[in-house]
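So the sequences go chain by chain: A and B. Each residue of the first sequence is one higher than the one before, counting from 76 in our numbering. Each residue of the second sequence is one higher than the one before, counting from 42 in our numbering.
It is worth saying that the hints were derived from the structure and are not from the lab. Note that this is a predicted model, so its numbers are computed, not measured. Accuracy of the hints is not assured; some may be wrong.
Said to hold, decoys possible - Taking lysine to any residue pairs in the SDA-like style, the calculated list, with each CA pair at most 25 Å apart, reads:
#: 1; chain 1: B; residue 1: Lys60; chain 2: A; residue 2: Arg397
#: 2; chain 1: A; residue 1: Lys266; chain 2: B; residue 2: Asp274
#: 3; chain 1: B; residue 1: Lys60; chain 2: A; residue 2: Asn264
#: 4; chain 1: B; residue 1: Lys281; chain 2: A; residue 2: Ala213
#: 5; chain 1: B; residue 1: Lys281; chain 2: A; residue 2: Gly129
#: 6; chain 1: B; residue 1: Lys288; chain 2: A; residue 2: Gln119
#: 7; chain 1: B; residue 1: Lys60; chain 2: A; residue 2: Leu128
#: 8; chain 1: B; residue 1: Lys60; chain 2: A; residue 2: Asn182
#: 9; chain 1: B; residue 1: Lys60; chain 2: A; residue 2: Arg388
#: 10; chain 1: B; residue 1: Lys60; chain 2: A; residue 2: Ala213
#: 11; chain 1: B; residue 1: Lys60; chain 2: A; residue 2: Tyr263
#: 12; chain 1: B; residue 1: Lys281; chain 2: A; residue 2: Leu128
#: 13; chain 1: A; residue 1: Lys266; chain 2: B; residue 2: Tyr273
#: 14; chain 1: B; residue 1: Lys60; chain 2: A; residue 2: Arg209
#: 15; chain 1: B; residue 1: Lys281; chain 2: A; residue 2: Phe124
#: 16; chain 1: B; residue 1: Lys281; chain 2: A; residue 2: Pro136
#: 17; chain 1: B; residue 1: Lys60; chain 2: A; residue 2: Ala393
Claimed, not checked - Just so you have them, the derived chain A footprint on chain B, three or more residues with Cβ under 8 Å:
#: 18; segment: 53–64
#: 19; segment: 112–123
#: 20; segment: 169–183
#: 21; segment: 242–254
Note that beta-carbon positions come from the ideal geometry of N, C-alpha and C, so glycine has one too.
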Amino acid sequence: MTGTEPATTEARTVTLTYREAMRDALRRALADEPVFLIGEDVGQYGGAFGVTLGLLEEFGPERVIDTPLSESGFVGAGIGAALGGTLPIVEVMTVNFSLLALDQILNNAATLSHMSGGRLHVPLVIRMTTGAGRQLAAQHSHSLEGWYAHIPGLRILAPATVEDARGMLAPALADPDPVLIFEHGSLYNDKATLPATPVPVSIDTAAIRRPGTDATVIGYGGTLATALSAADQLATEGIQAEVIDLRSLRPLDDATIMESVSRTHRAVIVDEGWRSGSLAAEISARITEQAFYDLDAPVERVCSAEVPMPYARHLEQAALPRPSDVAASVRRTVN
Amino acid sequence: MLRIRRFEERCAELYSATKIRGFVHLCIGEEAVAVGVHKALADDDAVVSTYREHGHALAKGITMDAVMAEMYGKATGCSHGRGGSMHLFDRDARFYGGNAIVGGGLPLAVGLALADTRLGRRQVTACFFGDGAVAEGEFHESLNLAALWRLPVLFCCENNQYAMGTPLRREHANTDLGARAVGYGMRSMEVDGMDVLAVEAAAHEAVAHIGRHREPVFLELRTYRFRAHSMYDPDRYRDKTEIESWKRRDPIPALAASLRATADLSDSDMDKMESEVTAEIDGAVAAAEAAPVEPESELTRHVYTERA
Ligand SMILES: Cc1ncc(C[n+]2csc(CCOP(=O)(O)OP(=O)(O)O)c2C)c(N)n1
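Excised from the complex, chain B in its bound form:
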């Protein structure tokens, strides 16, 4: 969580310094969701994410160097500079986006799980999306298909209470999001997304259920983003006291405090972690700065698959 938090804080600085451009959506405040769910996944499970995916990508094992270089638009980025912040991909890590169309990843997750099932593999596909995506038709079509075909999809709804500037109560007639999944005959679970241990436990249980019953599960993670929707958003629609009250539940100090209480974590452990993370980020930034850009002559590559 610390690694993701500090990485994104650096990204915000680099955005202000115009090193990183485009739309950048930070998950600061939501790290427990990314980390807790990934703890319950195997390395070869597939993950589908949105434009707010730095945390998912790092938790899935894409190297920080590859992510940072992508933010810089460099040739060494995980998408060769074509994707930027919103479009991180890594086939080896089975990380399939990085999708900037709200709801666009859900049908892909259904298809990835369909492929696993057809090919006799036991993997799970975890699909992250926001509360806003629940209003899209693609959400409903995907849940129905996954339930109908009994596919191993873990639908991870990151309910951070807002779709851009629209609060939950003004985007949904029924704010009980899990009720949608139940409507498709799917098991639905909800968990405190600010508590990484609770997220991990819930995700473990969900993955075990998927494995046992060969059917999808809907997991609602109640969380909050501490920053604006994107670096471009003036954040005029949220009450500062609301933001402050969620910040008091910051998942990183919360975990640190509980580990300190059981003497599993000391101040020097924490300092050591901070300096390791800083060194990793410094290294990624230095590598991204030094990395080459794709030559302009390569512009039209990768539109079609290159054949030998």
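So that you can see chain A by itself, here it is in the shape it has in the complex:
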């Protein structure tokens, strides 16, 4: 752990970045023999985003396996290894590149349990980065976790906080089904002070990150910060927005969402995916189905513009959901 640990014993805490938190979770997972880590440049290079730095030295090349550029091959191999009784953690550099492995993830990982009548299980974790904001243009910037959340047979997680980055991997590995963890690229340097010993976190329930009474703002992963910053802005105007962090994109925690909407009577969803056919569309439909009579205003969605993500900074920023867009949506629902 590269964080700073105070020497005193009682209430020991540790300050970690999101990147270090994820690395700490991986290190703890690798302590168990059937677990191994596999992916492009996860070993010697230390991971494209530095998450796996040092793990090769610690666990050796049998447990931390560098692969060639063969996404379909090594993700599929991970699925096979899971069938064979080991517990792989597969890192795919970004969700953009995971599309080369989409066939394996959808046609094998997600479906084998059902097609085999429940006789086969695919217990593995696939981690990847997602999201825009660093001027990497269309082929490195999309948020496609909503697509994966479309697929029955997969569990989709999106840790938005340092605590979740550290805490979600263990329950994901304990899950007998394939779990995909999406790490937003802009979160890796976020810092938080946590208890030195990880406290288990839920991979089933959404969390209310900021209580409020006037509107429910729903975000996840990279959009949680956008939602919280909008809520800060709104608070100065006397509007108390409640902010929900979905955490699990599939299954969705309908109960937390509906309970909140039944109190605030307004809902705004913030999603970095494209608006059409988005996760935000699904959540909006569920609110309409389950909480229609609690609503005082139409559900609003703040999504990415319907355009492949552009390179130029001002265009990229304009394409992404901004706190000011969220605040404007909330104001519309309140007024």
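Chain A is fixed; fit chain B with the ligand onto it per the hints.
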């Protein structure tokens, strides 16, 4: 080669000055590959490239102004600021990327050659990719299709010995990359990618073979990048002595030395070239600085073809 080298050195400075953003992959050290292959191509031959494409783009004839403006994300860039360093395109120059998905350009090259063949054109499509791309399924599917359909594709494998941080011997069970092409019944050639004259000669021969036999050729170019994988890469995985030993084979001083030996190049010729290149780069930077950005209202343009 000098033009590409100095352009990219300026790009590195501009990146450090945060004028250029995103992922920037320099081809410094690999210029002989870009220049040698392009010398063997006709203006109307097609080129497909990767994210490490500044050298290819400039050699293909995209203006430095258009490339630099793209790096700046300006409206006057060759991709109107949408693409950046990794996504340079120019239809008039028949330059089709600028592809940041490893292996993603290979099927496109097959299709471009298929179109040329169907339309009765005699052009060649040159497709650049790295040694890393050889491990992707798309590489194998594309070589098989090109060989099966006897398409005029020049597969240019820039073997710079590394796929990001992974050396050749840890990415390939068989490090003889040309053997893959032979496996598909394709002619395979290899050449010293640090020697621009050798590259040009090999590429000429390959293009002639494609023209004569109407079938693809695989050309492996042994080269090395002197810089990190991208401006973002700490380059922890390479031995400094290895880098230094390749730098001694720098294609630019090597060519200059051999031209000097035959008295085809003098110091003043070299100075003149340097100052011409500097002036061109200064001009491109000044134009990019002064160029307008796309208005935000244009954000959703070009998602679909604009109809009259
Ligand atoms: C499908 C895919 N997987 C991973 C990456 C990340 N990545 C970008 S470049 C690169 C290395 C490619 O090496 P090589 O093909 O040898 O080309 P080079 O960069 O050496 O020119 C990797 C792993 C990517 N862009 N696309």
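We went through each hint and held it up to the structure:
| no. | hint | result |
| --- | --- | --- |
| 1 | B/Lys60 with A/Arg397 | 23 Å, holds |
| 2 | A/Lys266 with B/Asp274 | 22 Å, holds |
| 3 | B/Lys60 with A/Asn264 | 23 Å, holds |
| 4 | B/Lys281 with A/Ala213 | 34 Å, violated |
| 5 | B/Lys281 with A/Gly129 | 21 Å, holds |
| 6 | B/Lys288 with A/Gln119 | 23 Å, holds |
| 7 | B/Lys60 with A/Leu128 | 30 Å, violated |
| 8 | B/Lys60 with A/Asn182 | 44 Å, violated |
| 9 | B/Lys60 with A/Arg388 | 11 Å, holds |
| 10 | B/Lys60 with A/Ala213 | 20 Å, holds |
| 11 | B/Lys60 with A/Tyr263 | 24 Å, holds |
| 12 | B/Lys281 with A/Leu128 | 20 Å, holds |
| 13 | A/Lys266 with B/Tyr273 | 21 Å, holds |
| 14 | B/Lys60 with A/Arg209 | 14 Å, holds |
| 15 | B/Lys281 with A/Phe124 | 23 Å, holds |
| 16 | B/Lys281 with A/Pro136 | 23 Å, holds |
| 17 | B/Lys60 with A/Ala393 | 19 Å, holds |
| 18 | 53–64 | holds (count 3) |
| 19 | 112–123 | holds (count 5) |
| 20 | 169–183 | holds (count 6) |
| 21 | 242–254 | violated (count 0) |
In summary, the numbered hints that this structure violates are 4, 7, 8, 21.
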